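Participant: Chain by chain, the residues:
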Amino acid sequence: MPASTQRLLKVSVSPHVRSRESVERIMWTVVACLVPPLILSVFIFGIQTLIITAVSVISCVTVEALSQKALGRRITIHDGSAVITGILIAFVIPPGVSYLMPVLGAVMAIYIGKHLLGGIGFNIFNPALLARAFLLATFPVAMTSAWLPPLKDMAIFSYLATPIDAVVTATPLAVLKTQGLAAFTEHFGAIPNLYTTFFLGWRPGCIGETSGLLIVLGGLYLLYRGYITWHIPVSVLTTIALGTWCFGGETLFSGDPLLAILSGGALLGAFFMANDYVTCPVNRTAQLVYGVGIGLFTVLIRLKGGYPEGICYAILLMNPVSSVLDSWFKPKRFAPPLGGGQ
Amino acid sequence: MTSLLTFPKGGVHPPAAKGLTSHLAIETMPVPDELEIILGQHIGAPCTPTVNAKDEVKEGDVIGEVTKGLGVPLHAPIAGTIKGMGQSAHPMRVTAPSIILQTNKEISAPRYTPKDWHSQTKDELLKRIHGAGIIGIGGAGFPAHVKLNPPKDNPVDTLILNGAECEPYITADHRQMLEQSHEIVEGAKIILKTLGITNCHIGIEDNKPDAIAAMTAAAGSTPDARITVTPLQVKYPQGSEKQLIQSITGRKVPAGALPSAVGVVVHNVSTTKAIYDAVALGKPLYEKVLTISGQAINRPANLRVKVGTKVKDIVEYLGGVKPSLAKIVMGGPMMGFAVSTLDLPVTKTTSSVLFLTEEEIDTRPHSQCIRCGWCLEACPMGIEAKEIAIHVEAGRPQDTAQFGVFDCFECGCCSYVCPAKRPLVQFIRLAKMKAKR
Ligand code: SF4
Ligand code: SF4
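Chains U and B supply the protein sequences, listed in that same order. Start counting the first sequence at 3; every next residue gets the next number (my numbering). Start counting the second sequence at 5; every next residue gets the next number (my numbering).
No wet-lab data here; the hints were simulated from the structure. Keep in mind the model is a prediction, meaning the values are calculated, not measured. Yeah, the Cβ is synthetic: ideal placement off N, Cα and C, and Gly gets one too. A portion of the hints provided could be inaccurate.
What the hints assert, rightly or not - Derived DEER-like restraints, expressed as beta-carbon distance ranges:
#, chain 1, residue 1, chain 2, residue 2, range
1, U, Ile126, B, Met437, 48 to 56 Å
2, U, Leu118, B, Met437, 31 to 39 Å
3, U, Pro338, B, Gly224, 38 to 46 Å
Kindly generate the complete structure, drawing on both the sequences and the hints.
Facilitator: Written as structure tokens, this is what we have:
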């Protein structure tokens, strides 16, 4: 062996082979799963959803780089995690808001919510939802009224020229909450027809939450790749469905569970927010409890709270419980020593 | 999903790399000019040399003895002249004292012919096995005669032969099961006799169908030896003692206890072959079948070499290494040790030497834990590797016992799966070292 080769030998620690998976690969796959609902939103609400998302992503990546530089950390914008946060912030705001909103959201999410708390892995709250909660608290009017009705004839550039005030509408959950089921069906059509409308996404709502179909497909792909497990989505959605069925109607057991899942942000929350690695529990049993908690809070806020949609706050409420749940549900150890003790 | 036996929790599937050598018959490497025989080859006290510089020795002569404590003697792998005592490079201890032997290829090797061993008593058998220097050559190097004489209060009912060979790349046991199945089965019968039991399982991973067939054909049960070949699901670390026992018997060895606590004795198939050699042929343990593999060695091989052969001589015999060489590993890629020199001598417990390229290894820098939980899913022992690592990074290694740090046998599954490339096993080693102090 030539001496030059000898000097270059690596003597790192075992294991010497490692899986091909990486943080980058996971994050960029999630990004890819969020692209189809984004494209669909352009057809539903117009091109400005794409502009809002772009502004949000660029802001998040910039804030991430600046924060890491300011705090003396390694710059990791290539890992895709800030890109995901950017897309998700855009996904949970109404399509008619001003372009300043995602910028403010990015600062809140990335600088305050992520880096001041220690960077990836240490943030307690889901950054995108923190941004949404912040925007909802500071700009309540814009965040609850800048809804756009779906476009009729693919005129994706039409809203760009129209003043937003001229086109605002109400979201299904808001109508259902304030005016009841009769007004709701009048607004959005009869129930069977409704399911298809909602499943495909042709209805008012936040940018990325309207198409149940594409969100579920993205989520299933992540499940197939092994990046997420079924525990959180299933427990969140089952709890929302059951809770709404029991308490969501005029009488007990008359609520519509399917509608509860398809309207609002339940699916996006269950597949792309609640199971954010950093802010959810790691133990599978703990994840089930966590998902049930999110479902219960969602139903409670939707039915009794001041807002029509509840999953955002439900997740934020459960986020800090993650570590507690993890310490309750520890992995089962192989076999204890004879005679007990550690 | 197959219905093959396996352990229920954790484990990983590193890409198969056995194809480089699994088809290559074991070949015997010519004896090099000089051997370095390390004195401490087993768990327990290292040997004291019983020879001096300039002494002439014959193949199989005792050249080192353990005077007190746990241990087995050391034998001359070949005839030659003792050059003196030295310090040899060692993968774990940096250097270790050794005996340097100048080999003499003129003197012909002794002839070993099989003799009937059935008339020997248990004590005679154990004495033979001890005298031949047999240790667990598939793993930690535990003296074999001690395992074969378990404490009386733990009645043993099952012998398990470990033919799982779950580490990627390594095919030495595979080839021995294929080429020496009768010797291994005969060795199993010897072990059964020393233990006074009749029940033996040979666990082999399902990716070695030819070895399973050969061993099944050889196993031929008799009233005093019921030998069953048990195919196992391919999953690393199937060959870890605790996991293997669980896969085959469903029993769990408690933390800190020996397999005999659940009535089992485990021996590697290659150790079993060595026991056969010791008892039936009267041949001490001074040779080793190694897998030499990896994309960066010119000619991968399964080699029978003398204990004390330097890696340098092996590389030369196999036509050298390629310029793409990035890492040399003694042992498997999951648990072996990276080394920086070719001067290392082979010991009784060396199972392979791998010459790996940049593509085969992965030295990307690690980042912060993203709490994906994959390391928890991968750990067969239920250890919270991520918590241990975070505590060590934060300077609190003493607080890691609660996460199971002492149950960790460093199989590397957690590090293997971690997408943030965190060196979890290394953090665990540090925690163990600091916490013991
Ligand atoms: S190295 Fe230790 S902690 Fe990691 S998977 Fe193996 S036993 Fe578990
Ligand atoms: S696998 Fe790595 S990133 Fe995932 S939880 Fe474990 S240590 Fe953290």
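Participant: Taking the hints in turn, state whether each one holds.
Facilitator: Hints and how they fare:
1. Ile126/U / Met437/B: 48 to 56 Å: violated, 32 Å
2. Leu118/U / Met437/B: 31 to 39 Å: The hint (31 to 39 Å, Cβ to Cβ) holds, given that Leu118/U and Met437/B are roughly 34 Å apart.
3. Pro338/U / Gly224/B: 38 to 46 Å: holds, 40 Å
The structure shown violates just one earlier hint, number 1.
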